[in-house]
Amino acid sequence: MPQIRTAYFGELDYTEGTIFHFPYGLPGFENEHAFVFLQQPHTQPLLFLQSLGDPRLCFILLPILVIEPNYAANLDPDDLAALHLAPGRQPVIGQDILCAAIVRPGGGESGEPTANLMAPVIVNLKEQIGMQVIQSDSSYSYRHPIPIGKEVNLCS
Amino acid sequence: MLVMKRRAGESFVIGDEIEIEVLEVAGSRVKLGIVAPDSVAIVRKEARVTREENITAALPVPPDTLAALARRLLTKHSY
Numbered sequence: 001m002p003q004i005r006t007a008y009f010g011e012l013d014y015t016e017g018t019i020f021h022f023p024y025g026l027p028g029f030e031n032e033h034a035f036v037f038l039q040q041p042h043t044q045p046l047l048f049l050q051s052l053g054d055p056r057l058c059f060i061l062l063p064i065l066v067i068e069p070n071y072a073a074n075l076d077p078d079d080l081a082a083l084h085l086a087p088g089r090q091p092v093i094g095q096d097i098l099c100a101a102i103v104r105p106g107g108g109e110s111g112e113p114t115a116n117l118m119a120p121v122i123v124n125l126k127e128q129i130g131m132q133v134i135q136s137d138s139s140y141s142y143r144h145p146i147p148i149g150k151e152v153n154l155c156s
Numbered sequence: 001m002l003v004m005k006r007r008a009g010e011s012f013v014i015g016d017e018i019e020i021e022v023l024e025v026a027g028s029r030v031k032l033g034i035v036a037p038d039s040v041a042i043v044r045k046e047a048r049v050t051r052e053e054n055i056t057a058a059l060p061v062p063p064d065t066l067a068a069l070a071r072r073l074l075t076k077h078s079y
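Chains as they are written, first to last, in our numbering: chain F, 1 to 156; chain B, 1 to 79.
It is worth saying that the hints were derived from the structure and are not from the lab. Glycine included, each C-beta is placed from N, C-alpha and C at the ideal position. Heads up, a few of these hints could be off.
[Unchecked claim] Keeping only pairs whose Cα atoms sit at most 16 angstroms apart, straight-line, the calculated EDC-like set for lysine to aspartate or glutamate is:
#1 B:31 - F:30
#2 B:31 - B:64
#3 B:45 - F:11
[Said to hold, decoys possible] Going by beta-carbon spacing under 7 angstroms, a handful of chain F positions derived as facing chain B:
#4 23
#5 26
#6 42
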């Protein structure tokens, strides 16, 4: 089984079937086209978008509905075509697509974590094609403060 | 900031080599046509901001910070 070097979790096994293709990369990383999604028990509910080509490149994500339960992604016909999604209807988050926000652990003015709701990572779950879709017409923020609870000790 | 009123079909120039024409106005949307040298990068502002945000977001985070962030999220969402 092939192994992937990861930014945060050392070397992990992966299979070809778990690779997601990003034909356009992500803005700023246009040459990175292959990623895997990682989850680890001790970092739930965070998701990690790990580049296959550059072990150092790993985005921290949160499923968007965790942050904003009413989030509605609006994909225009070009976005739908690029993601190989059916034209003429908006895909359903969790069924047709994964929609996740890139997290910055210290993105806020007071160092609080923020999530980029303006430009979510959207993935066609069936075809395993992804891209970052800028929601220009929305009022969502690039640095949406993530509401967080009081830290607890899970061992107690 | 320079403010200028233009109607559809009218244009303005920036320096000697850049011309911007208002092609169409429909509701709150404006369609612009831009003539500029190849050497001038033209991107939507959102694309540039997204790029900058991504580059910062991709900087490595200490593992302790990750675990602490996850724990605090868990308590909030009580999975």
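Each hint tested on the structure:
no.	hint	verdict
1	B:31 - F:30	violated, 27 angstroms
2	B:31 - B:64	violated, 48 angstroms
3	B:45 - F:11	violated, 38 angstroms
4	23	violated, 16 angstroms
5	26	holds, 6 angstroms
6	42	holds, 6 angstroms
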